[in-house]
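These protein sequence lines map, in sequence, to chains A and B.
Position one of the first sequence corresponds to residue 1 (our numbering), numbered consecutively onward.
Position one of the second sequence corresponds to residue 192 (our numbering), numbered consecutively onward.
If you're looking for bench data, these hints aren't it; they were derived computationally from the structure.
Wrong hints could be hidden among the right ones.
[As the list claims (entries may be wrong)] Pairs of lysine-lysine, BS3-like flavour, derived with a Cα cap of 27 Å:
hint, chain 1, residue 1, chain 2, residue 2
1, A, K125, B, K203
2, A, K125, B, K214
3, A, K161, B, K203
4, A, K161, B, K225
5, A, K41, B, K203
6, B, K203, B, K225
7, A, K133, B, K214
8, B, K275, A, K125
For clarity, every value in this text was computed on a predicted model and none was experimentally measured.
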Amino acid sequence: MLEDAELLRLTAAGDEDAFRIIVERHGTAIYTFFRRIVRSKEDAEDLTQELFTTLFRSAPRYRPEAPFSAFMYRIASNLAASHLRKISIRSSDSLDELAEEGHELENRKQEERPDGAYEARETLKRYEEALRKLPLDWQIAMELRVGRELSYREIAEAMGKSVSAVESILVRARERIISFMEPGLDHSIGG
Amino acid sequence: MDCNESRKLVSKEIDVELSSSEKERLEAHVASCKSCFMFRKYLQEISLLHRSMPEFPIREELVLSITDRASLLQGIGQRSWLGKLAVSAAAAAIFVLGLLIGNIVRERYMSAYFLAQTHSSEMESLEYLDEFPPGSISGLFLASGNEGGAME
Numbered sequence: 001m002l003e004d005a006e007l008l009r010l011t012a013a014g015d016e017d018a019f020r021i022i023v024e025r026h027g028t029a030i031y032t033f034f035r036r037i038v039r040s041k042e043d044a045e046d047l048t049q050e051l052f053t054t055l056f057r058s059a060p061r062y063r064p065e066a067p068f069s070a071f072m073y074r075i076a077s078n079l080a081a082s083h084l085r086k087i088s089i090r091s092s093d094s095l096d097e098l099a100e101e102g103h104e105l106e107n108r109k110q111e112e113r114p115d116g117a118y119e120a121r122e123t124l125k126r127y128e129e130a131l132r133k134l135p136l137d138w139q140i141a142m143e144l145r146v147g148r149e150l151s152y153r154e155i156a157e158a159m160g161k162s163v164s165a166v167e168s169i170l171v172r173a174r175e176r177i178i179s180f181m182e183p184g185l186d187h188s189i190g191g
Numbered sequence: 192m193d194c195n196e197s198r199k200l201v202s203k204e205i206d207v208e209l210s211s212s213e214k215e216r217l218e219a220h221v222a223s224c225k226s227c228f229m230f231r232k233y234l235q236e237i238s239l240l241h242r243s244m245p246e247f248p249i250r251e252e253l254v255l256s257i258t259d260r261a262s263l264l265q266g267i268g269q270r271s272w273l274g275k276l277a278v279s280a281a282a283a284a285i286f287v288l289g290l291l292i293g294n295i296v297r298e299r300y301m302s303a304y305f306l307a308q309t310h311s312s313e314m315e316s317l318e319y320l321d322e323f324p325p326g327s328i329s330g331l332f333l334a335s336g337n338e339g340g341a342m343e
C-alpha cells in the first residue's frame, strides 16, 4: 500500500488515481472532522470538497519532512476556523443532523422509563454540549487527538503551535469538560 | 509532584504520550491523592465518550464530485500551461519582429539623417565669410552712402 506522502507526490505529477485513493482513504475522517466542528451537514460537505481541492492544488508544495496528516489537518483546521468566523451556529444543529443520520434520540416514551441506553445517550449529549462550549482551538485539539488520533507533534504542526502548548490545551480542555459535566459523570461512573 | 503536574501527566497518559519515568511518578502520586485518582477516572470516561461519537461516512457522490473537480482543475492547469506557452511564443515572435523592423528603419532613416547632418553642417559653415573680413561690408555701404551724398 502506498504511503500518503507518495500518493501526494504522484498527485502533484498529475496522477488522478493517486488522488482518488487519498480521497477514499481520508474522506470519512475529514468529513467527520468537519461534521463535529461545524456541525452542519451541508457545510461539512462543502468544506470537505474545498479541503481536497486545496490539497490537490497544494500537492506540489508538500514537503515529505512534515507528516501528511499534519499537512492535511492544518488545511482542515484553517478552513473550519475561517468558516466558523463567517457564520453563527444554531445549537440544535448537531442533534437534528444526528437524527437525520439514523442516530435517533430516544422517544418520549423511553424518556419516561429511563434505561442504560438512554442514560448513555444523555451523557453523550452532555459531552457534546460541553465540547461545544470550548474555544474553537480546544475543540480542534480534542478532535485531532481523541477523534483522529494524531500525535502531539502532528497536532502541534497542524495547529501551528508548540508541543507543550498542545499538551496544555488538552489538559485545560479536559478540565473544562469535567467542570461542565461533573454531575453526569458522577452518575455514570458512580463517583 | 503537585496536583497540577499530576493532571498534566494524566492527560498525557490518556493520550499514550507518557514516558515510563513519568508513569512511575504519576502512579506514586495518584495512589495517595483521591482528587487525582478521580480526575484520571473522569478523563478515561470522557475519552470513551469522545470515541463513542458517531463517525460520518463520506457519500460516494461526494467522492466523485471531488475527483471530477480535480480532473477539471488538472485540465485547466494543462490548458493554462499551453496557453502560457503560446503567449510566450507570441511575445518572443513580436520581439524578434520588432528588432528586425527596428533594424530596417534604423538603416534607412539613419543614413538619411547622416546625409542631412552633413548638408546642414555645410550650410552652417561660416567659411564663406572669410572673403568678407570684418568691416568690409559696412565699408562698402559707407562708401556707397558717401557717393550718394556726393550726387546730391
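Hints versus structure:
1. A/K125 x B/K203: Distance of about 25 Å is within 27 Å: holds.
2. A/K125 x B/K214: This hinted pair is violated, its Cα atoms lying about 32 Å apart.
3. A/K161 x B/K203: Holds, at roughly 17 Å.
4. A/K161 x B/K225: violated (33 Å)
5. A/K41 x B/K203: violated (32 Å)
6. B/K203 x B/K225: Distance of about 19 Å is within 27 Å: holds.
7. A/K133 x B/K214: Violated, at about 31 Å.
8. B/K275 x A/K125: Not OK: B/K275 and A/K125 at ~55 Å, beyond 27 Å, violated.
Hint violations for this structure: numbers 2, 4, 5, 7 and 8, all remaining hints satisfied.
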